[in-house]
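J.: This is what each chain is made of:
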Amino acid sequence: MYTQALDTHGKEPAGGAEADPQVARFQARIDAEEKIEPKDFMPEAYRQTLIRQISQHAHSEIVGMLPEGNWITRAPSLKRKAVLIAKVQDEGGHGMYLYSAAETLGISRAQMLEQLLSGAAKYSSIFNYPTLTWADVGAIGWLVDGAAIMNQIPICRCSYGPYARAMVRICKEESFHQRQGFEIMLTLTQGTYAQRTMAQDALNRWWWPSLMMFGPSDADSKHTAQSMRWKIKRFSNDELRQKFIDITVPQAHFLGLTIPDDELHWDEASQHYHVGPIDWSEFYAVLKGNGPCNRERLEARQRAHEAGRWVREAAAAHAERERTRSMQQAAGVAA
Amino acid sequence: MQTETRSEAQQQAHCHYVLRLADTSLVLGQRLAEWIGHAPALEEDLALANLSLDLIGQARLLLTYAGELEGQGRDEDALAFLRDAPEFLNLALAEQPNGDFAHTIVRQWLIDAWQLEIYGALEHSSDTRLAAIAAKAIRETRYHYRFSSGWLVRLGDGTEESHRRVQESVDALWPFTHELFAADEVDEHLAAEGIEPHQGVSLLCVEELGAAAHRSGRCAHAPDLLAAEQVQAGEIFAGFDHQPALFERNGAPGTGCRLAPDLAIDEAADPPVRQ
Amino acid sequence: MTESDWPLFEVFIRSRAGLEHKHVGSLHAADARMAVEHARDVYTRRQEGVSLWVVRSADIVASDPEEADALFEPARDKIYRHPTFYAIPEEVKNL
Numbered sequence: 001m002y003t004q005a006l007d008t009h010g011k012e013p014a015g016g017a018e019a020d021p022q023v024a025r026f027q028a029r030i031d032a033e034e035k036i037e038p039k040d041f042m043p044e045a046y047r048q049t050l051i052r053q054i055s056q057h058a059h060s061e062i063v064g065m066l067p068e069g070n071w072i073t074r075a076p077s078l079k080r081k082a083v084l085i086a087k088v089q090d091e092g093g094h095g096m097y098l099y100s101a102a103e104t105l106g107i108s109r110a111q112m113l114e115q116l117l118s119g120a121a122k123y124s125s126i127f128n129y130p131t132l133t134w135a136d137v138g139a140i141g142w143l144v145d146g147a148a149i150m151n152q153i154p155i156c157r158c159s160y161g162p163y164a165r166a167m168v169r170i171c172k173e174e175s176f177h178q179r180q181g182f183e184i185m186l187t188l189t190q191g192t193y194a195q196r197t198m199a200q201d202a203l204n205r206w207w208w209p210s211l212m213m214f215g216p217s218d219a220d221s222k223h224t225a226q227s228m229r230w231k232i233k234r235f236s237n238d239e240l241r242q243k244f245i246d247i248t249v250p251q252a253h254f255l256g257l258t259i260p261d262d263e264l265h266w267d268e269a270s271q272h273y274h275v276g277p278i279d280w281s282e283f284y285a286v287l288k289g290n291g292p293c294n295r296e297r298l299e300a301r302q303r304a305h306e307a308g309r310w311v312r313e314a315a316a317a318h319a320e321r322e323r324t325r326s327m328q329q330a331a332g333v334a335a
Numbered sequence: 001m002q003t004e005t006r007s008e009a010q011q012q013a014h015c016h017y018v019l020r021l022a023d024t025s026l027v028l029g030q031r032l033a034e035w036i037g038h039a040p041a042l043e044e045d046l047a048l049a050n051l052s053l054d055l056i057g058q059a060r061l062l063l064t065y066a067g068e069l070e071g072q073g074r075d076e077d078a079l080a081f082l083r084d085a086p087e088f089l090n091l092a093l094a095e096q097p098n099g100d101f102a103h104t105i106v107r108q109w110l111i112d113a114w115q116l117e118i119y120g121a122l123e124h125s126s127d128t129r130l131a132a133i134a135a136k137a138i139r140e141t142r143y144h145y146r147f148s149s150g151w152l153v154r155l156g157d158g159t160e161e162s163h164r165r166v167q168e169s170v171d172a173l174w175p176f177t178h179e180l181f182a183a184d185e186v187d188e189h190l191a192a193e194g195i196e197p198h199q200g201v202s203l204l205c206v207e208e209l210g211a212a213a214h215r216s217g218r219c220a221h222a223p224d225l226l227a228a229e230q231v232q233a234g235e236i237f238a239g240f241d242h243q244p245a246l247f248e249r250n251g252a253p254g255t256g257c258r259l260a261p262d263l264a265i266d267e268a269a270d271p272p273v274r275q
Numbered sequence: 001m002t003e004s005d006w007p008l009f010e011v012f013i014r015s016r017a018g019l020e021h022k023h024v025g026s027l028h029a030a031d032a033r034m035a036v037e038h039a040r041d042v043y044t045r046r047q048e049g050v051s052l053w054v055v056r057s058a059d060i061v062a063s064d065p066e067e068a069d070a071l072f073e074p075a076r077d078k079i080y081r082h083p084t085f086y087a088i089p090e091e092v093k094n095l
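So the protein sequences, as listed, match chains Z, H and B. Each residue of the first sequence is one higher than the one before, starting from 1 at the first, in our numbering. Each residue of the second sequence is one higher than the one before, starting from 1 at the first, in our numbering. Each residue of the third sequence is one higher than the one before, starting from 1 at the first, in our numbering.
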């Protein structure tokens, strides 16, 4: 859901990879829109790229539960509370589908969790921003989920079977998330002055990070080209970002909100909205771990993991004991 | 169901009773929501969120009904958000802090066992609206009970540490179970109309708790103050209100009694140590 | 089994009587009862499945699409390229 072009670098094998007949066969399958399944031959770089991308995607879902989960106990009505719980539950579920898909490639959930908690793994930068007001919950649904949907739909057709199938399941569940967010913004903008101001403030803070979710311009990156060739990536970052902008600006106008960009304008010639320059230094800083909430969110997950260790151990110990008991019983019966 | 000559006291008691159920579900649902994102494993985040969602759903139905019974135009949100703390009628047990995972599981298990009995009885209530809500809720509660009793056994019969933590939680939370069986004028009013089960919640709920605690062998046992009393299946704990009618109605083992005869409650006081 | 290693289970769901069970994904659980609950929580939040199967991933035997001889027996019948599925003999170095 919150995939981002964070790191599509894979290790290129030495020598002409295409010379290898197995690799050539593999590429031919991809070109023919065949799905690659877990036990099929795949170049190491393809496998590593997918492990990285899928696990980052999964981490993003998990970390993403926190900024929204923050507002569950304080939702302004019982219905909204219930809807938000369901949404956050969905996000956890999406993380699980994705961890599942990644595990088919040779990495374990324990390893991925270790990477996340140690700070080694990346996740979508968008979840390093705080949710300061209830309007933020609306903005996240409307903008962040909106951007995520834009990224995700093409991945439903990616070449790797488990990832594509996970994406199909995720996209089906996603539809209510964005609507929930937009509806919150609509309610606020039709409300009191304080509510309208709150909505505008949320948009001001979430607009640019949402655009950054699509990742830097990849026109010159040869790694993007490789991901496209392997049909992991189906559209460029810029294409997806532009699509998002064109769809979202009219929605903001409908809400009566102002996009925080002096240079935003409709370009008649290209039939697109043009935005001002994106501050990529902020993006890289946040990605490196210096966003407002990076440390706090990671620490929260670390604490939960540590605090839960005795629970997981107990469950494992009990299961072992039960297995021994039933084996002994079976032996007793057989004897 | 309601005769035209129903007194105001009856009407108020009715509303009061529904609010008690509603507030318990609401407060417990709210407590569980605090866990989301902080559970021991991702799967448990989802499980606790599921419980929370179910309970809030129950609360919404019950609060809406309570508001109608009250007849002052208050809807579910007005009741949930605009009452002050002293006006809430939930079980004290429901609002106990989450503590660690063991504490949350024990609290959950106690309330699940109680809700199983209460919703089960309310399915036959003369109040058809309440009966319908109970019929829906009990399906959820059966799953909740499966979840919480499963974890109780895993933790009680897990490691030394998990066993210690669960025992501490049982010791701390057991005193709150007294309220599960207390009956007052509100209950009398409603029992008279056949809305709530006669004499409140089944004692068998307590026996079930003891049985579940015992089932794992190494698991938590009820605190000593109860163990000191001689208890047979169907008899009553000293210190709880005497409820002879219930005993007579459900006395025979097997008819609504979940216990096998050999898991009598006095064994739970001193569980045999299993290898 | 360590705490970090609740085994992997594959989940199959029959969404309606008359249909077959379909593979929907995987999850981790300490025991089978927990696996069923997790599967129910994660994979049936919208479709009311009528039947759930959970199977330890390590118990599934799969056909080898390559048909080529593998160096190690486990490679032929484990369904995932999962490092912990492979019991590599001590004598083998560099793995």
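Any given hint could turn out to be false.
Label-pair ranges, simulated between beta-carbon atoms [unchecked claim]: (1) B:Arg46 to H:Gly99: 28 to 34 Å; (2) Z:Arg74 to H:Ala182: 29 to 35 Å; (3) H:Ala92 to Z:Asp262: 56 to 62 Å; (4) Z:Cys171 to B:Val50: 21 to 27 Å; (5) Z:Arg309 to H:Phe81: 45 to 51 Å; (6) B:Ser15 to Z:Cys171: 58 to 64 Å; (7) Z:His272 to H:Pro86: 58 to 64 Å; (8) H:Phe81 to Z:Pro260: 28 to 34 Å; (9) H:Gly73 to Z:His272: 19 to 25 Å; (10) Z:Ser77 to H:Ala183: 29 to 35 Å; (11) B:Glu20 to Z:Ser77: 51 to 57 Å; (12) H:Pro86 to Z:Ser118: 43 to 49 Å.
The hints are simulated quantities; they were obtained by calculation from the structure and are not laboratory data. All residues carry an ideal CB built from backbone N, CA and C; glycine is no exception.
J.: What are the numbers of the hints the structure violates, in ascending order?
T.: Hints 5, 6, 9, 11 contradicted; others consistent.
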